[in-house]
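Number of protein chains: 2
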Amino acid sequence: MKIELASSYGFCFGVKRAIEIAEKYENSATMGPLIHNDDEINRLKKDFKVGLYSKLSDVKPDDTVIIRTHGIPKNDLKDLRKNTKKVINATCPFVTTPQNIVKNMSKEGYSILIFGDTEHPEVKGVMSYAEDLDDVNVVLSIEDLEKINFKNKKIATVAQTTKKKETYLEIVNALILKNKEVRVFNTICDATFENQDAAREISIKSDVMIVIGGKNSSNTKQLHSICLENCKDSYLIENENELQKEWFKEKKSCGITAGASTPDWVIQKVIDKIKSL
Amino acid sequence: MKIELASSYGFCFGVKRAIEIAEKYENSATMGPLIHNDDEINRLKKDFKVGLYSKLSDVKPDDTVIIRTHGIPKNDLKDLRKNTKKVINATCPFVTTPQNIVKNMSKEGYSILIFGDTEHPEVKGVMSYAEDLDDVNVVLSIEDLEKINFKNKKIATVAQTTKKKETYLEIVNALILKNKEVRVFNTICDATFENQDAAREISIKSDVMIVIGGKNSSNTKQLHSICLENCKDSYLIENENELQKEWFKEKKSCGITAGASTPDWVIQKVIDKIKSL
Numbered sequence: 004m005k006i007e008l009a010s011s012y013g014f015c016f017g018v019k020r021a022i023e024i025a026e027k028y029e030n031s032a033t034m035g036p037l038i039h040n041d042d043e044i045n046r047l048k049k050d051f052k053v054g055l056y057s058k059l060s061d062v063k064p065d066d067t068v069i070i071r072t073h074g075i076p077k078n079d080l081k082d083l084r085k086n087t088k089k090v091i092n093a094t095c096p097f098v099t100t101p102q103n104i105v106k107n108m109s110k111e112g113y114s115i116l117i118f119g120d121t122e123h124p125e126v127k128g129v130m131s132y133a134e135d136l137d138d139v140n141v142v143l144s145i146e147d148l149e150k151i152n153f154k155n156k157k158i159a160t161v162a163q164t165t166k167k168k169e170t171y172l173e174i175v176n177a178l179i180l181k182n183k184e185v186r187v188f189n190t191i192c193d194a195t196f197e198n199q200d201a202a203r204e205i206s207i208k209s210d211v212m213i214v215i216g217g218k219n220s221s222n223t224k225q226l227h228s229i230c231l232e233n234c235k236d237s238y239l240i241e242n243e244n245e246l247q248k249e250w251f252k253e254k255k256s257c258g259i260t261a262g263a264s265t266p267d268w269v270i271q272k273v274i275d276k277i278k279s280l
Numbered sequence: 004m005k006i007e008l009a010s011s012y013g014f015c016f017g018v019k020r021a022i023e024i025a026e027k028y029e030n031s032a033t034m035g036p037l038i039h040n041d042d043e044i045n046r047l048k049k050d051f052k053v054g055l056y057s058k059l060s061d062v063k064p065d066d067t068v069i070i071r072t073h074g075i076p077k078n079d080l081k082d083l084r085k086n087t088k089k090v091i092n093a094t095c096p097f098v099t100t101p102q103n104i105v106k107n108m109s110k111e112g113y114s115i116l117i118f119g120d121t122e123h124p125e126v127k128g129v130m131s132y133a134e135d136l137d138d139v140n141v142v143l144s145i146e147d148l149e150k151i152n153f154k155n156k157k158i159a160t161v162a163q164t165t166k167k168k169e170t171y172l173e174i175v176n177a178l179i180l181k182n183k184e185v186r187v188f189n190t191i192c193d194a195t196f197e198n199q200d201a202a203r204e205i206s207i208k209s210d211v212m213i214v215i216g217g218k219n220s221s222n223t224k225q226l227h228s229i230c231l232e233n234c235k236d237s238y239l240i241e242n243e244n245e246l247q248k249e250w251f252k253e254k255k256s257c258g259i260t261a262g263a264s265t266p267d268w269v270i271q272k273v274i275d276k277i278k279s280l
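Quick note, the sequences are listed as chains W and G, same order. Taking our numbering, the leading residue of the first sequence gets 4, the next gets one more, and so forth. Taking our numbering, the leading residue of the second sequence gets 4, the next gets one more, and so forth.
Just so you know, the hints here were simulated from the structure itself, not pulled from any lab data. Do not rely on the hints blindly, as some may be mistaken.
For identical chains, the list gives no copy identity; a pair is met inside one copy or between any two copies.
Derived DSSO-like pairs: lysine-lysine, alpha-carbon spacing no greater than 30 Å straight-line [as the list claims (entries may be wrong)]: (1) K48 / K276; (2) K157 / K106; (3) K183 / K168; (4) K156 / K19; (5) K181 / K208; (6) K272 / K255; (7) K156 / K183; (8) K183 / K81; (9) K183 / K19; (10) K154 / K218; (11) K168 / K150; (12) K224 / K183; (13) K127 / K181; (14) K5 / K218; (15) K181 / K19; (16) K168 / K154; (17) K276 / K248; (18) K224 / K77; (19) K150 / K218.
These numbers were taken from a predicted model, which means no experiment stands behind them.
Using the sequences and the hints given, assemble the complete structure.
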């Protein structure tokens with residue numbers, strides 16, 4: 004069986020940057036998981052003693068705290084800066100952009116629409132930057148959009164950086180048809196675009212697709228959804244232990260892609276295991 | 004054969020308003036055709052002595068000049084106001100809107116994209132309001148868009164009021180994928196929307212479609228194009244004299260729609276003629 008990697012996959016700029024920051028601050032701790040990959044977080048813990056807090060109240064005054072790539076809500080950042088010795092901001096710059104857009108557009112009197120998942124830490128952070136918290140709306144689909152009554156006639160919209168561009172366009176189109184001015188900020192990250200396009204391309208020609216990444220990683224789930232459109236035998240796994248022999252039975256070509264938080268060493272282990280099956 | 008009118012058709016707000024203005028100013032003249040309908044212009048000429056100038060140099064100091072619904076270029080309006088006794092502005096308010104948007108966005112440093120036809124008087128007028136005339140781009144399709152190198156990273160876009168919304172969305176989508184900020188002003192007129200939706204609806208269930216309007220009227224051509232998508236026997240005519248008997252042979256249902264410049268009396272004559280065939 005031929006095994007082929009997508010032409011673009013895995014670590015993005017923001018994740019690489021965050022890991023480099025974490026490796027530089029031994030004995031620090033991250034506020035929430037630094038990236039959506041448990042294997043890499045365990046490696047940072049083992050090799051660099053980087054701890055992990057899940058709530059603000061656990062943080063101690065002497066801690067050096069690293070802000071995760073997804074960012075955190077504005078007030079949490081303020082509290083951390085007040086109560087902790089050192090705060091290192093590893094928020095991806097591509098996430099800082101929608102945070103600033105929401106702040107500025109909200110100040111200028113635009114109603115805010117975020118295309119994303121309300122429960123995702125990135126979205127929780129971005130939302131928190133609005134001046135008027137009653138006028139920030141988060142949607143995942145056109146159906147969600149139909150339920151919204153915007154306070155203003157002018158709408159500004161951003162997207163969670165890891166979302167599918169096709170769905171963003173659908174939502175934006177519905178907005179344009181109903182509103183006289185829509186200010187569209189395309190905040191979907193280029194790396195996300197490239198990985199999505201490459202996943203589309205390789206899944207069309209593969210008999211089986213393996214998507215490697217965190218089960219709670221937004222960009223990994225998008226890649227999986229794109230692969231499923233073109234290759235019904237597409238599987239999302241976190242590491243090589245989840246591979247099942249029967250997936251590859253009578254298959255001639257296996258395509259591989261990985262989410263933006265998936266380190267190369269995890270991908271290599273998956274490839275080695277597939278070869279051995 | 005059943006003859007049915009679209010649920011929305013014909014005269015829009017801007018055209019009605021312009022005709023009322025022209026009827027009020029007997030012995031005046033319009034700068035370019037007031038609306039895109041020769042029969043109605045002849046009626047105004049006959050009943051209200053409203054003349055028609057085709058170039059600025061023909062205007063005399065004592066004239067009362069009416070600005071057509073489509074508007075005219077900024078400098079032409081300035082010249083008219085300087086050289087003529089009285090200028091009455093019958094520019095449709097829905098056309099004044101994109102003129103102002105282009106002026107303001109251009110001032111704020113946005114590159115301007117107009118979805119429309121460079122040769123259409125409305126577009127010539129709207130374009131002229133940009134501060135930087137080298138940074139106003141007019142496109143009719145995605146192919147046109149690909150040839151443009153915008154001066155700025157921020158793009159503001161408006162549409163000719165009578166264009167097809169689906170094509171505008173296609174162009175806007177392509178813009179969004181390539182640019183970080185796109186400020187979308189949906190300047191397609193609601194009446195245009197309504198007539199287009201109604202034309203779509205009736206053309207689906209008709210065996211033959213008659214679209215009545217000026218051959219150089221943008222909104223009439225859009226209606227014809229929409230009808231052709233659903234009913235291959237769709238004909239664009241200016242008045243009843245162009246009807247051909249064989250169009251209706253063995254047809255069970257005939258749908259009728261009309262452009263925004265088509266007066267009811269022209270539509271009625273068409274219906275009477277079809278009945279007589």
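Going through the hints against the structure:
Within a single copy, K48 and K276 get their C-alpha atoms as close as 25 Å, which meets the 30 Å cut-off; across copies the closest is 86 Å, which misses it. When the C-alpha separation of K157 and K106 is checked against a cutoff of 30 Å, the pair qualifies both within a copy, at 15 Å, and between copies, at 18 Å. Proximity of K183 and K168 under a CA criterion of 30 Å is satisfied in both settings, with 22 Å inside one chain copy and 13 Å between copies. In this assembly of identical chains, the alpha carbons of K156 and K19 lie at most 30 Å apart only when taken from different copies (27 Å versus 40 Å within one copy).
In the homo-oligomer, the alpha carbons of K181 and K208 lie at most 30 Å apart only across protomers (27 Å), although the nearest pairing inside one protomer, at 39 Å, exceeds that limit. For the identical chains of this complex, K272 and K255 are intra-copy neighbours only, at 20 Å inside a copy versus 69 Å across copies, given an alpha-carbon limit of 30 Å. With identical chains, the CA atoms of K156 and K183 are at most 30 Å apart both within one copy (7 Å) and between copies (22 Å). Proximity of K183 and K81 under a CA criterion of 30 Å is satisfied inter-copy only: 29 Å between copies versus 36 Å inside one chain copy.
For a Cα distance limit of 30 Å, the shortest separation of K183 from K19 across copies, 23 Å, qualifies, whereas the shortest one inside one copy, 41 Å, does not. Taking the closest pair of Cα atoms, K154 and K218 never come within 30 Å of each other, the shortest separation being 36 Å inside a single copy and 42 Å across copies. With identical chains, the CA atoms of K168 and K150 are at most 30 Å apart both within one copy (22 Å) and between copies (23 Å). In this assembly of identical chains, the alpha carbons of K224 and K183 lie at most 30 Å apart only when taken from different copies (24 Å versus 34 Å within one copy).
Taking CA atoms no more than 30 Å apart as the test, K127 paired with K181 passes in both settings, with 26 Å inside one copy and 27 Å between copies. For a Cα distance limit of 30 Å, the shortest separation of K5 from K218 inside one copy, 26 Å, qualifies, whereas the shortest one across copies, 60 Å, does not. Only between protomers do K181 and K19 lie at most 30 Å apart by alpha-carbon distance; the minimum there is 25 Å, versus 40 Å within a single protomer. Taking CA atoms no more than 30 Å apart as the test, K168 paired with K154 passes in both settings, with 26 Å inside one copy and 25 Å between copies.
Within a single copy, K276 and K248 get their C-alpha atoms as close as 10 Å, which meets the 30 Å cut-off; across copies the closest is 75 Å, which misses it. Taking the shortest Cα distances, K224 and K77 sit within 30 Å of each other inside one copy (27 Å), while across copies they are farther apart (52 Å). Taking the shortest alpha-carbon separations for K150 and K218, only the intra-copy value of 29 Å comes in at or below 30 Å, while the best inter-copy value is 42 Å.
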